[in-house]
Amino acid sequence: MSDDRPVKLTVTHRFKASAERVFDAWLNPVKARCWLFVTAPEKPLVRAEINARPGGRFCFADLRDGEAVEHVGEYLEVDRPRRLVFTFGVPKYSPDYDRVTVDIVPEGEGCVLTLTHEMGPEGEKWKDSTEKGWSKMLVGLDTWLYEAPATAQ
Amino acid sequence: MRTPATPNHLDQTLLALADPTRRAILQRLAAGELRVTELAQPFAMSLNAVSKHIRVLERAKLVRRRREGREHLLSFTPKPMDEAARWMEAQRASWTSRLQALDDLLQAEDRAAAASAPPHPKGRLR
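First to last, the sequence lines map onto chains A and B.
Counting along the first sequence from 1, when you hit position 87 you're at 213 in this note's numbering, and nothing is skipped either side.
Counting along the second sequence from 1, when you hit position 38 you're at 78 in this note's numbering, and nothing is skipped either side.
It is possible that part of the hints are untrue.
[As the list claims (entries may be wrong)] List time: in silico BS3-like cross-link candidates among lysine-lysine, alpha-carbon distance up to 30 Å: (1) LYS134/A - LYS169/A; (2) LYS119/B - LYS101/B; (3) LYS169/A - LYS218/A; (4) LYS157/A - LYS142/A; (5) LYS218/A - LYS119/B; (6) LYS157/A - LYS169/A; (7) LYS119/B - LYS134/A; (8) LYS218/A - LYS134/A; (9) LYS101/B - LYS218/A; (10) LYS134/A - LYS157/A; (11) LYS134/A - LYS92/B; (12) LYS142/A - LYS218/A; (13) LYS92/B - LYS119/B; (14) LYS169/A - LYS142/A; (15) LYS101/B - LYS134/A.
Keep in mind the hints are simulated off the structure, nothing from the lab.
Let the sequences and hints guide you as you build the complete structure.
Set out below in structure tokens:
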């Protein structure tokens, strides 16, 4: 699995619950199906299968227009309660797999969760990219385009 | 969350932006329309090599070409980048709402535990 995903985004959330409880909610099928990959609150997942070990796979399915759509992936790191890394994709729509890293740091009685979602085509196609950080430009496009003077290298 | 609308053209946009020369081309075009020769001039590469980069940008619809007599004029079209940025924002928003749903779920568990064990709820919960 390549580390060179071009696009990276990060989301942080502070929980009152302990790091262990937050971590476990990712891997407990009964809990995970209530919130993870749920597209609409009134539409719970129809299936949630989790094999929570490195190399283990998961499959969540939700219903879209009466058809079950699977979200599948593989756990790459399972380090309770600090870190969870997994790939995920929706084969119905794209052959690409994104990568999600969940870092949990205890804070007081609660914890802070930082989620990093890396996506986009991976591998060979990106070899000519010399700056990894360019993806951030996508978020601040205007600044990037109109600010820096054009350099020709 | 991937949707049927996400895949291909986003890849095209990212692929086009993944090269420093192509980004420099876009930055120059962002300042205004240019002839191909004007655009190629500051780059330390052949016109042919620059043209290849331009074609990648055209394929991604980031650059539009129009002809005026014998001149080819290039301009920047921001729509694909706006779409890519919007798509990323949508991804971020969906993670934010999932994490909020997780938070709600855990707090509901706390409330249920507090309700079923009223005598000593403190210390054990939260």
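Evaluated hints:
Between LYS134/A and LYS169/A, the direct Cα distance comes to roughly 28 Å. Compliance with the 30 Å bound is thereby established for this hinted pair. Only pairs whose Cα atoms come within 30 Å are accepted, and LYS119/B paired with LYS101/B is accepted, the gap being roughly 8 Å. For the proposed pair LYS169/A and LYS218/A, the alpha carbon gap of about 19 Å is at most 30 Å, so the pair holds. Taking the CA atoms of LYS157/A and LYS142/A, the gap is about 17 Å. The hint holds against a cut of 30 Å.
Using a Cα cut-off of 30 Å, the hinted pair LYS218/A and LYS119/B holds, with the two alpha carbons roughly 26 Å apart. Annotation: proposed proximity of LYS157/A to LYS169/A holds, straight-line Cα distance about 15 Å (limit 30 Å). For the hint pairing LYS119/B with LYS134/A, the CA-to-CA distance comes to about 21 Å; that is within 30 Å, so the pair holds. Proximity of LYS218/A to LYS134/A is assessed by CA-CA distance (about 23 Å); at most 30 Å being required, the pair is judged to hold.
Pair hint LYS101/B plus LYS218/A holds up; C-alpha atoms about 26 Å apart against a cutoff of 30 Å. Restraint check for LYS134/A and LYS157/A: the C-alpha separation of about 27 Å stays at or below 30 Å, so the hint holds. For the hint pairing LYS134/A with LYS92/B, the CA-to-CA distance comes to about 28 Å; that is within 30 Å, so the pair holds. Straight-line distance between C-alpha atoms of LYS142/A and LYS218/A comes to about 36 Å, which puts the hinted pair past the 30 Å bound.
For a cut-off of 30 Å, the pair hint linking LYS92/B to LYS119/B stands: about 21 Å separates their Cα positions. Restraint check for LYS169/A and LYS142/A: satisfied, since their Cα atoms lie roughly 26 Å apart, inside the 30 Å limit. Between the alpha carbons of LYS101/B and LYS134/A the distance comes to roughly 23 Å, so the proposed pair stays at or under 30 Å and holds.
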